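2 protein chains.
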Amino acid sequence: MMNTPLLMTQMIERAEKYFSRKQVVSRTESGIHRLTYAQIAERTRRLASSLEKLGVEKGDRVGTLAWNHHRHLEAYFAIPCSGAVLHTINFRLSPQHISYIINHAEDKLLLIDADIIPLIESVQEELQHVQGFIIMTDKDELPETTLNPVYHYEKLIGTGNPEHPFITDMDENSPAGMCYTSATTGNPKGVVYSHRGIVLHSMAMGLADSSAISERDVAMPVVPMFHANAWGMPFAAVWFGTSLVLPGPLFTPKLLAELIENEKVTITAGVPTIWLGLQKEIEQQSYDLSSLRAVLCGGAAAPKGLIRAYQKRGLHFIHAYGMTETTPLVIISKLKSYQEGLTEEEQYVFRAKQGTVVPGIEIKVVGKDGEVEPNGTEMGELLIRGPWIADEYYRDERTNEAFIDGWLYTGDVVTIDEEGFIKVVDRTKDLIKSGGEWISSVDLENALMSHDAVFEAAVIAVPHEKWQERPVACVVLKDQFKDRVTKEELIEFLAPQFAKWWLPDDIIFIDEVPKTSVGKFLKMALREQVQERYAKQ
Amino acid sequence: MMNTPLLMTQMIERAEKYFSRKQVVSRTESGIHRLTYAQIAERTRRLASSLEKLGVEKGDRVGTLAWNHHRHLEAYFAIPCSGAVLHTINFRLSPQHISYIINHAEDKLLLIDADIIPLIESVQEELQHVQGFIIMTDKDELPETTLNPVYHYEKLIGTGNPEHPFITDMDENSPAGMCYTSATTGNPKGVVYSHRGIVLHSMAMGLADSSAISERDVAMPVVPMFHANAWGMPFAAVWFGTSLVLPGPLFTPKLLAELIENEKVTITAGVPTIWLGLQKEIEQQSYDLSSLRAVLCGGAAAPKGLIRAYQKRGLHFIHAYGMTETTPLVIISKLKSYQEGLTEEEQYVFRAKQGTVVPGIEIKVVGKDGEVEPNGTEMGELLIRGPWIADEYYRDERTNEAFIDGWLYTGDVVTIDEEGFIKVVDRTKDLIKSGGEWISSVDLENALMSHDAVFEAAVIAVPHEKWQERPVACVVLKDQFKDRVTKEELIEFLAPQFAKWWLPDDIIFIDEVPKTSVGKFLKMALREQVQERYAKQ
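Protein chains in written order, with the working numbering: chain A, 1252 to 1788; chain B, 1252 to 1788.
Hints may be right or wrong, so weigh each one.
Given that identical chains are not distinguished, each listed pair holds provided it fits within a single copy or across any two copies.
No more than 20 Å apart at the CA atoms, straight line, and that leaves these computed lysine-lysine pairs for PhoX-like [claimed, not checked]:
1. Lys1587 / Lys1268
2. Lys1680 / Lys1619
3. Lys1515 / Lys1587
4. Lys1738 / Lys1619
5. Lys1531 / Lys1733
6. Lys1563 / Lys1531
7. Lys1531 / Lys1505
8. Lys1505 / Lys1515
9. Lys1505 / Lys1684
Rather than coming from a laboratory, the hints here were simulated on the basis of the structure.
Remember, it's a predicted structure, so these values are computed and weren't measured experimentally.
If we strip away everything but chain A, and leave its shape as in the complex, we get:
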């Protein structure tokens, strides 16, 4: 067979050639913009040529600090198609972590949204390799800034070559992108994506058995483009000529609902917090969301109640699982054809699991005695292998903790059932070990969140003299139920569902669950708060 490499250049060129009329709808600070793929491709070529003029060479890292919008999309292709490495940076991290990341990756240039300038100004003294800042803005003039040298994105690409050829003389294993993932302790860890990995991952997203992204879709990635490639949705969408809706900065649930309604979005993706917010919004006001064929949910386990709420409205909620280390899609919850014969309740049991492994990826669930039985109850750590799974952390000794014998050790404790459905039970670090037995904090949380009065719940371990650890639940009530539900009522609600020793020793009502910058529960922070509280008592 021909030795043609799997390169991202093919993806944007396909949109340019065959889907030039299809549109990208982009919301920025100044409102909604509509660009065709012909325009996006031309601007991408201009940007690629401008980057080259600024001295970007094969293998150089170019950072982005930006919301989901068309300029970020152009960078998504211009950087790797110049042979450089697209380094998406999570601007919600602490300034220390951000400067660490930029220095560790040795970013040569940064593309920055205008509203993120102050953040970068605050760390500019520490940046060791950055040779220039490109500001993405709708305004004709740059805001005042101490950043230097600084370029205006539109003016820069205005002088770029609209027919600039992309670099195709590359090995498919060349780095195309990178992203840092938060560590429980210490600095974030870098993950490098190859062209091959991104192309194969995009194919996997287009499979009828996976998210089935196609030309017919209008795809809206709500998950940030700085977070694991917005789950690969922008890459796949461009390749397949899918219309894209990019919701831009500081969006609200209301804005998302309006975008879905107005742009007839068919598929969207985000973390449970986003869908909890949207659920609240559509309970209060009526929107026509009938165009939606799939709501992809990942990043954390979605409570069954949330899935049910969407399904009841005819919105198909699809649970998925991945990590920054896995590009990210590896597991997706689609019922098998013969499972359609199950009752609705039986179906929810499967829908609430993370799902089955996508074609191209291999998994193993390993307990202390080797691979666990696929019976849906035995717990083990999820191991993953495949061509879009990282094999190291970039220049980081912590590689040895997670990449062992060719497998990624995810740190997620899961069960696998007879049908191959994976259910995340907990993080290895969040499991509660009571009297030598494991208690799943996630199971307790999901049960609590299925109570009508509960908005969010997080269950953590507190140290215990006799049992080593015991579960304590932190619960956020829905506004209309504030001060109207007691801890006894909630324990009573849980009692029939769990063994007695699984029931939380205490339930604490809080205003909000602290979250990471990507919307995951920050249990470490919660543990500290709760432990302080107990110490004060």
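Fit chain B to the known structure of chain A by using the hints.
Here is chain B on its own, set in the frame of chain A:
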């Protein structure tokens, strides 16, 4: 990213692990058999272990001469997953070509359907490398045969290891399969498929924007498994846990209709001749074919009338294009979302074209002055490049004629329109050159076949003193129209559709268009017949 190779072992192991209950429905000489993927996988492991015992080593070629059934499917995986090369042999070729192919590939073993034994007996003296014959039959005892040594498939695998591990220590570019394609002159030419090529091709078949094969499908490849991997359908189906229906030996249109009805087939694939036959059948008798979501048609251009006939019955007819050299899928005709706004007639114009290129493949249409304009009229030769396109003919000097500068020169003359839809106009060798201008035989044929009375039509060039070549049409009338239509009527029917000089100089009524072993019009044979006829006159 991890350096995990794209190997076919993953495909069968996925079916074994996660879709063990799904079924393969296999029709053989004795009737319908139903096997689960658990059984198929176990039998495949047994066969792999038996092949090893018989001395098959990495890289060895193992030939199959068989219909579409479960044993052939087992060979489809057991051979490549042992590191050997699955060589599917077209048993409809001449005995000389068959012995040439077996010798040229240096096949070590042959797996043969019992009814094909006489054919192989007739050439056994010539076979230079074959060390054994495995007979696939439902009967307990082998038929009398001069083949030697000879093995009974079921008895052989009965002693095989049901847990035999597949070989995974392989480079993804290792050969997995091979198939010979007929040449216009001389011996057939060999094409070798790699594991990587087959895995990527299977992914392409699963894309929502391509044939979208999924777990929910019941797939029936009618195209023979000896012909370009039955268009890759068995590979993709096993990988995705799709139910398979294999129609076995000597099927009739009636049998296909019954299988679709009884097994609720959702997707099927074959050449136009098959669908012409089925159309006749379903016009005569009523079947419930409502399960069918897609009828894939390739191998030759389908007449618009045929597409229309299927669409009118609510059967979604999908034109596709590929070659033995291309694994084979490269182009598929799916309307773009915004083309749904076209009138039915306008849609047929696109549906009747071969379609747009599938993700992962690149094409060019090259005329005498370089790439042609995408305007739907300018003609050029179709060039193809990509990771599932062959880069040579196996040990064959004719490689240099077709593989040039990294592109496959298909020998097909096509147009490409503004939407990227490719339309095959002719074989470079079948174009009619009249007075220095090109006339498309395919366009004339399709126009003729859209006439109510016409069953099949083939247009060929006959030498002409003044114009060099002129078109002559050979027409097969439908039974009920035999002797009731004149050549003048047909010319009159064509007249408004073409320039005057395109109209055939003569129309000859024949009983049948001679076809290749895979159902394509054999124009060379027709040309000889017609030229003889003119010579006699």
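A quick look at each hint next to the structure:
1. Lys1587 / Lys1268: between (36 Å within a copy, 14 Å between copies)
2. Lys1680 / Lys1619: within (16 Å within a copy, 67 Å between copies)
3. Lys1515 / Lys1587: between (28 Å within a copy, 17 Å between copies)
4. Lys1738 / Lys1619: neither (36 Å within a copy, 82 Å between copies)
5. Lys1531 / Lys1733: within (16 Å within a copy, 71 Å between copies)
6. Lys1563 / Lys1531: within (14 Å within a copy, 46 Å between copies)
7. Lys1531 / Lys1505: within (10 Å within a copy, 56 Å between copies)
8. Lys1505 / Lys1515: within (15 Å within a copy, 44 Å between copies)
9. Lys1505 / Lys1684: Close neither inside one copy (41 Å) nor across copies (65 Å); limit 20 Å.
In this structure, the earlier hints numbered 4, 9 are contradicted, and the remaining ones agree with it.
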